[in-house]
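Q: Here the structure of chain A is known, so what remains is to put chain B with the ligands in place on it, guided by the hints.
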Amino acid sequence: MNLRKIVHGTWMAFCVFLLVSPALFFFIWMLSLSLKYEIDNGAYPPILIPERIAWKNYAGVFESNNFLLYFKNSIIVTGGATLLALMVGVPAGYGIARMRATKSAMVIMIARMTPGLSFLIPLFLLFQWLGLLGTLVPQILIHLVVTVPIVIWIMISYFETTPLELEEAAMIDGATRWQVFRNVALPIAKPGIVVAFILSVIFSWNNFVFGIVLASRETRTLPVAVYNMLSFEQVSWGPLAAAALIVTLPVLILTIVAQRQIIAGLTAGAVKGG
Amino acid sequence: MASVTIRDVRKSFGAVDIIKGVSIDIQDGEFVILVGPSGCGKSTLLRMIAGLEDISGGEIRIGSRVVNNVPPKDRDIAMVFQNYALYPHMTVAQNMAFSLKLKRSPQGEIDERVARAAEILGLKPLLERFPRQLSGGQRQRVAMGRAIVRDPQVFLFDEPLSNLDAKLRVAMRAEIKALHQRLKTTTIYVTHDQIEAMTMADKIVVMHDGIVEQMGAPLELYDRPANLFVAGFIGSPAMNFIKGNVGSNGFKAESGQTFPLAAAPAASDGRPMVYGIRPEHIRLTDEGVPVEVVVIEPTGSETQIIVRPAGERDKPVADHSSAITCVLKDRIAARPGDVIRIAPDPKSIHLFDESGRRV
Ligand SMILES: Nc1ncnc2c1ncn2[C@@H]1O[C@H](COP(=O)(O)OP(=O)(O)O)[C@@H](O)[C@H]1O
Ligand SMILES: [Mg+2]
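Those protein sequences? They're chains A and B, same order as listed. 3 is the number of the first residue of the first sequence in the working numbering; add one for each residue after it. 50 is the number of the first residue of the second sequence in the working numbering; add one for each residue after it.
Same shape as in the complex, but just chain A (with noise of 0.2 Å):
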């Protein structure tokens, strides 16, 4: 019994492993280039672990590149895009959730199957006549291509399992349909908000497309200037790793810090149990 377990937990543990080592491997590599010189980066056998480790890697991206000035702007279009993709989103997922309206949901997924590209000249042209271009306002605009649905598909999923009793038995208490959204099913949605805003953030931030061609010089986001380093500068891998491993580690912290919000089952102990 005890030998199976040990057996079947190795087995798992084997499978895990396996299944996230591609992942993990860029992701150490990556690791290991940011923190290398570059002899030691075009060395044949290749270093895993250096002698000397390389912080200026670190210290280059802060100090050139307006490295502060694109982290800001990421900051903004994401942070800007998200919010206003949670004010409308969040109330339209609960609309269709409890309207049924499975239609509408159909179109909000066409809206995001539809390639970014498709919006942009229209938009660019749109932005540009608005005399919009050299602020981010166009480029949080556009990220609500990307993270209104997101949300949207999220929240009904989440308010699809809150149960109706809970909003029925508000209602009866008196509260009307505002009051019933505001104070009952909103708060119990506390989860499915936090997944959603993760997601929305991570799509965001990562977003590459809009930028390239929104952006302008003081407009840039971070990975837009990550890949201006890659293009105009001579390759050099170490501080490159090490722009790419800063641009991906807020989202890395925000998923961990998150993780506990989303498992906290909120709903436990409304309906029945025992």
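All clues given are correct.
Here are some of the chain B residues that sit facing chain A, going by a computed Cβ distance under 10 Å:
1) 100
2) 121
3) 122
4) 130
5) 132
6) 136
7) 137
8) 138
9) 139
10) 149
11) 152
Rather than coming from a laboratory, the hints here were simulated on the basis of the structure. Using N, Cα and C, we set each Cβ at its ideal position, and we do this for glycine too.
A: The following block gives chain B with the ligands in isolation, referenced to the frame of chain A:
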């Protein structure tokens, strides 16, 4: 507090008629129980009274006001759901205070009312807990607390005890009844459990397939069921039904045996009828009808025996069509296979005609 008047109410979901014309008068302060088998439309009717379902036809009044088009929040009712429907993100105190908060009652009054309800229901030590930290019985109590803080016109209960274990259910039954005697609020209570109905109600409404089969005081339904459905539904173990017809010296069963009758109904000779006798109204006597014992179930306080007309030994055990259940106060020495003689009490006989109506 208020009376509730239900006039010829109908409900259809699409083309399916679920409630087919129900009229019930509920007096101010009355405890009325809607009882019937699962799926007969009890919850639907209750939800129409609450305003959670539209009314397809007819009229519902609370007090003198027609509420057909009044939203639930303006009906001044409170409802306890089968699964309690406690707000998971609020403490017990907040759950109870929610309706008063929405009414913008002053904080002092809210605190006072919540404290009083908690006192009545013994929830004082639990006020700061969340629903997930409570047992089933405690949740049930909080759901009731949420209803009583409001001091509404009408309480609605939808099978509030069906998620509790048997022992707790009996205890809560008594508690709800005591609560009603204390608050005297008009109550409409839905259950599929006829024992709950018999023990708690001032008036029972027996529903079946979207119609009211009979309504009246519990013992009225027990003593004079209006039709076969009510006769079979009220009482436990259920009434025995024996098919046959009325003869010159009693009731002639299809099995050939003759059962006693107090007085033969007029003009009933020869027509097929159903003879109903409750298990607890059968005695053992030496002059009775001979039957064969199939099963004996002693419970200590009484003995339940299932018998079959003697001479049907070869019938399959699963064929209950001619089985008769008897409940005896005494312990008896008979064993399965023995032949005993039973005698229904002639004063406690119920006769039903072909269409199932009482004659
Ligand atoms: N929203 C609905 N749509 C369609 N049919 C329904 C709906 N609600 C209830 N019903 C049907 O109405 C009947 C009565 O349901 P209900 O009132 O819940 O029965 P009960 O509470 O007596 O068990 C059932 O057959 C059920 O399937
Ligand atoms: Mg029901």
